[in-house]
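A.B. asks: One letter stands for each residue in the lines below.
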Amino acid sequence: MATTPATAEVQRPPEEDEGGRWWQSPIAQMVWRRALLGILTLVLIAVIVYFATTVLPGDAATAILGQSATPARIAKVEAELGLDEPLLTRFVDWFGNAIHGDFGNSLSAAAPVGSHGGASKEAVTTLVNEKLLNSVVLIGVTAIVSTLLGILAGMYAAFRRDGIFDTGGSVVALVASALPEFVVAIFVVMLFAVNVFDWFPALSLLPPGESILSHLNMLVLPVLALVIVTTPYVFRMTRGAMIEVLDTDYVEFARMKGVSPRKIAFRHALPNALAPVIQVVGLNLLYLAGGIVLVEAIFSYPGVGLALVEAINGRDVPTIQYIVLMLAVFYVILNIVTDVGVLLVTPRRRYPRS
Amino acid sequence: MSADATTPDVVPTKAPRASLGGRAGRLLRGALRTRRGQIGLLLTLIVVGIAFLGPLFAGSPTALHGGPFEAPGGVAGPLGGDSLGRSVLDRVLDGGWRILLISAAATAMAIVLGSIAGVVAAYRGGFADTLIMRTVDVLLGIPSLVFVLMLLSVIGSHAWLVIVGVGLTQAPQVARVLRAAAQDVSERDYVKAVAAWGVPPRTVIRRHVIPSLLTPLMVESALRLSFSIILVASLSFLGLGTQPPTADWGVMINENRVGLAQNVWGVLAPAILLATLAVGTNMFSDAIARANLSAGSAGDPTLQMALTSSNVAEGDEPVGLDAIDEGPG
Amino acid sequence: MSAENGTAPAAGGARRPEVEVTDLAVRIARTGVPIVEGVSFSIEAGRTLGLVGESGSGKSTVAVGLLGYARRGLEIAAGTVRIGDTDILALDPKGLRSARGRIVSYVPQDPAAGLNPAHRLGPQLREAITAHGDVPKGELDGRVNDLLESVNLPATKKILRSYPHQISGGQQQRIAIAIAFACRPRLIVLDEPTTGLDVTTQRHILATIDELASVHDAAAVYVSHDLAAVAEVATDTAVMYAGRIVERAPTARLFAAPRHPYTVGLIASAPSAEKAHRLLGIEGHPPRPGSWPDGCAYADRCPRALPDCRAGVPKLLEESPGQLVRCINPVPIDATTEIVLDVPTLPTSQEMALSVRGLVADYSGTPVLHDIQLDVPRGKVTAVVGESGSGKTTLARCLVGLHSSWQGEVLLGTDSTSLAPGASERSSDQLREMQYIFQNPFGSLNPTMTVVENVEEPLRHFERISRAERRARAIAALETVSLGAQFADTMPGRMSGGERQRAAVARGLVVEPSVLVCDEITSALDVSVQALLVEQLRDLQIERNLSMVFITHNLAVVRSIAQNMIVLQQGRIVEQGTVDAVLGNPQHPYTRQLLEDLPRLEARAGSSQAA
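Heads up: the protein sequence lines correspond to chains A, B and C, in order.
In this text, residue positions in the first sequence follow the working numbering: the first is 27, and each later residue adds one.
In this text, residue positions in the second sequence follow the working numbering: the first is 58, and each later residue adds one.
In this text, residue positions in the third sequence follow the working numbering: the first is 8, and each later residue adds one.
FYI, nobody ran anything at the bench for these hints, they're computed from the structure.
Careful: at least some of the hints might be erroneous.
To be verified - Partial selection, computed: residues in chain A whose CB lies under 7 Å from chain C: (1) ASP224; (2) TYR276; (3) GLY284; (4) PHE292; (5) HIS294; (6) LEU296; (7) PRO373.
Claimed, not checked - In silico PhoX-like links for lysine-lysine, alpha-carbon gap of 25 Å or less: (8) C:LYS144 x C:LYS164; (9) C:LYS282 x A:LYS289; (10) C:LYS144 x A:LYS289; (11) C:LYS165 x C:LYS144.
To be verified - Interface residues of chain A toward chain C, partial, derived using beta-carbon atoms under 10 Å: (12) GLY127; (13) ASP275; (14) ARG281; (15) ALA291; (16) ARG293; (17) PRO378.
Since we're looking at a predicted model, the values are computed, not measured.
Note that CB positions come from ideal geometry on N, CA and C, so glycine has one too.
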């Protein structure tokens with residue numbers, strides 16, 4: 027009655043960047059928090075890895091020396107590996123070195139041999155990092171292909187809901203995503219390398235010193251196997267997210283405003299579907315990090331995964347530790363990046379209500 | 058004024074007893090009503106049948122017949138010989154039940170561990186919750202296969218370790234799902250109503266929270282089982298699960314890879330069986346998830362009346378994006 | 008033109024109506040089951056048609072059908088929707104898109120859901136303007152500012168750069184209205200536009216809509232379940248039941264002299280803030296789509312049903328000038344001015360069932376209630392009134408101990424036992440004396456148990472009796488709320504909201520408490536169902552000397568059921584006293600404003616509610 031109602035309502039205008047510094051913004055805060063959590067998680071994982079690989083039964087020294095294990099030699103190797111010191115000291119030493127990137131030398135018999143018939147003089151990190159590029163290429167190419175395919179197919183299926191592409195695609199996706207990775211890889215090998223066609227090599231045996239980039243034909247089948255396994259997942263999740271968005275009131279409202287279908291798809295629906303899609307892409311990458319182990323093993327693809335399998339078979343503890351921790355770091359960083367990405371596209375969380 | 062309240066549509070029907078078995082049964086029946094559920098269950102049962110009945114019909118999985126990779130139909134049997142000259146058929150028949158038993162045991166362990174952890178975390182909150190959820194994060198911070206490989210490589214390939222390792226990798230997800238479900242249920246008014254009577258928390262959990270957790274648990278268990286099977290088979294494939302000369306589908310795929318050109322069956326037979334099992338369990342767990350979604354709508358019946366079942370076509374995905382926490386594969 | 012349509016051919020220089028809907032029908036696409044059938048009406052430019060109905064009546068379906076839109080799974084089966092010179096339903100997709108926003112536009116029920124959370128407000132407004140034709144660059148900003156001002160929002164940069172979640176519900180709705188009016192459409196369809204907004208905001212929104220509609224000389228369709236709001240806003244009103252229009256008349260006529268038995272029942276179920284009267288209520292449910300009977304859909308619930316009613320669907324016929332009724336046995340004209348029963352007067356009570364002194368409550372440090380004082384005489388109902396954020400639910404929770412962060416005194420019963428803050432610290436007797444009923448009928452019963460098991464639950468906890476006795480008492484409680492033994496073994500998921508709420512009340516009563524705390528228990532219910540529940544509670548109050556604390560924001564319900572009341576604003580009591588005193592002669596400006604802003608059924612209806 028007295029005041030015009032509208033001004034009474036608008037007493038609290040929405041706040042913009044309210045004089046805080048950028049590093050206090052919601053995004054920055056989240057990054058700090060996740061980073062701290064991530065570091066904590068990494069430390070815990072490091073503890074687990076260390077104890078799983080050194081404390082639990084399994085005599086490293088004997089395993090290395092094999093036939094030539096005499097008590098004297100065992101003692102010598104143990105001293106060399108520092109196995110005769112108290113546990114906690116060992117852990118702290120190890121951890122300290124690890125942070126500096128020193129994981130010791132590889133125990134692999136295949137590496138250039140030192141004078142013990144077992145322990146080599148090659149640093150674990152050097153050996154593994156050589157293979158890193160190959161794995162990165164494998165993951166990268168797969169991720170790009172499966173993400174693009176999956177998102178485009180998922181979006182299309184959502185728009186042409188209940189159409190042939192949608193129902194057919196969903197069934198194919200269900201079957202393809204259920205298949206175990208190595209079975210898919212085997213089928214791929216049988217189909218394209220050995221039994222039906224022989225377009226590509228069954229094994230990706232890179233000549234040492236050369237990079238995968240100069241032998242792209244060795245990349246095809248591993249990528250194909252991984253793509254078959256991961257694309258359906260991206261497809262299903264994108265489709266699901268899109269459908270949820272297309273069913274919302276605000277998309278309905280946009281239709282009632284007379285907005286064209288294309289604008290609805292890209293300007294109204296997509297921005298809101300981005301959050302789950304980003305999560306999916308992140309999860310996809312996470313999965314791939316673990317998934318390359320099997321695929322590389324099958325194709326003898328010279329990457330980090332194969333190195334891990336070989337290290338496991340050879341009880342090469344330092345290498346195992348390094349690779350596992352590397353994966354864990356990758357996981358943590360990827361999680362943070364994904365969360366930040368999701369936050370960036372969700373205005374409701376990015377600009378909280380005053 | 059109050060007329061005879063008989064409107065045909067809402068004549069209350071005598072519903073089945075709301076027992077645990079009742080609800081679980083209803084979920085299963087709902088799943089089996091869909092094509093997806095039927096096919097999934099059928100495929101699964103076929104492979105399970107072969108796996109458990111196979112050994113009864115198999116000859117010796119280790120006897121040698123002729124040279125390596127004998128052609129099919131020859132002296133090594135209808136599926137030919139494997140890398141050492143053993144009968145592929147016999148080994149295939151004998152190679153499944155171990156995988157299934159180990160996977161089942163691992164899944165059971167994951168369910169038990171995960172459920173307890175999830176419910177405790179939800180209901181206790183505070184420190185217990187943080188502790189459990191951090192542990193979940195840590196366990197999920199390493200890829201499942203890598204984690205189990207790590208354990209196996211150091212301690213050795215023992216069946217019990219496979220069970221424990223696989224169980225440990227699947228438990229965190231169960232914990233997450235159950236925690237979310239328990240929290241959700243605890244927020245419901247009917248649980249608060251009971252709390253308002255002064256009922257002690259333990260009784261509240263037992264009578265009101267846990268029964269509502271059954272259905273999400275069922276859904277999650279089916280999913281965990283399908284993942285466990287894949288994990289166990291992968292371990293065998295890498296040589297860290299069942300050890301040769303024992304017959305095992307995963308092992309067979311690996312050891313017969315070399316002779317793909319000579320006898321494809323050494324690889325193809327176990328691969329097809331594994332694939333069928335994986336697809337079947339996955340389809341069935343998917344069908345259960347959907348049955349759960351459509352049955353769970355406690356929303357306004359009047360609005361949903363006309364649109365349910367005419368709308369939710371069979372092809373509809375459970376759009377519950379809580380499945381998003383799962384990885385692919 | 009058929010009699011169905013009700014519009015006589017224009018004589019001489021009278022122009023034809025701006026909007027004409029003929030035989031609109033919508034059905035489920037896959038099965039062909041009709042949802043809405045034979046809907047026809049017309050609206051002149053500048054006038055508003057109110058479309059009234061309860062859940063499931065099809066009114067929302069009609070609303071979006073006016074834009075040529077059918078929700079997922081549905082399709083428009085037949086009919087024409089002529090607006091100006093355009094038949095909306097005859098347009099091709101491109102034409103339809105062009106028409107939406109330009110010829111006809113829509114204001115949704117939930118503005119928060121209608122505005123895209125990923126877009127700032129400025130672009131959303133701009134899009135509304137440019138969707139139908141380009142606007143020269145310089146002009147666009149001016150038009151956006153004009154729009155904002157037309158809905159009484161300041162045309163500032165801050166507003167334009169905000170996201171929807173950063174402004175209030177009322178402001179969001181204004182933006183939605185601005186968007187709807189952006190291209191000066193000929194018809195605006197408003198789908199329950201003020202649900203969820205508090206009374207004062209609602210009043211302002213209605214005023215804004217009114218103003219804009221008259222400025223642009225646009226026709227409007229106002230869909231609502233709120234009879235009073237429709238009575239105030241609409242020039243003509245149509246009542247929908249089970250997918251058909253059952254009565255249509257100028258608003259004043261409809262509310263003063265309704266002819267269709269359903270309309271009569273509906274109006275008699277609506278409580279009034281002016282005067283306390285018994286609410287009629289309508290038992291039963293409307294038939295679901297797919298289960299429509301061959302005859303009149305209302306026959307099963309109708310007190311005037313004749314055998315012929317079930318023979319075929321009655322036609323919409325003109326019973327009196329301008330008033331169409333779909334009934335072969337309509338309520339006679341003179342009969343409608345009688346009947347409203349007075350509320351029985353209750354004997355004065357000597358003792359207090361519940362007393363609250365100096366209650367102060369907080370949520371993790373933030374105070375939410377300040378110095379609350381409340382008396383509930385035995386056998387009486389005390390209402391706690393407030394808008395959202397007033398603290399009324401917190402008060403209710405404190406009383407039963409669900410919220411324990413409070414200080415002060417709550418005294419229960421004759422021996423005035425002081426209650427501990429939290430439920431876990433109270434004695435069994437204390438807990439049983441006071442029972443709580445929740446707002447949302449869809450969450451208050453355990454869906455994994457049958458109804459009788461739900462009702463038995465407090466007995467399990469509070470009393471040591473045999474299983475048979477427990478069941479017997481539970482069934483008795485169900486019968487008190489007119490649910491009866493037939494519902495005993497049903498699962499809650501198969502019951503309607505009203506039925507569930509009654510079951511929840513039964514559960515509250517089975518341990519024979521002396522005080523019931525009812526937290527907005529009728530807010531989620533349809534008018535006719537709400538009426539039944541209110542009368543049920545009144546009967547219990549009288550029969551059992553039951554005392555109640557009744558939380559609500561609805562002043563009309565307060566008048567119907569309560570004898571005393573307090574008004575809360577931001578955690579403080581601003582007024583209290585008997586209902587007659589507070590509502591009849593409010594002192595505090597807040598109370599006055601609430602009453603003034605309340606839509607009145609009587610506004611157009613004249614003396615319809617006088618006994």
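A.B. asks: Of all the hints given earlier, name the ones this structure violates by number, lowest first.
C.D. replies: 1, 4, 6, 9, 12 and 15
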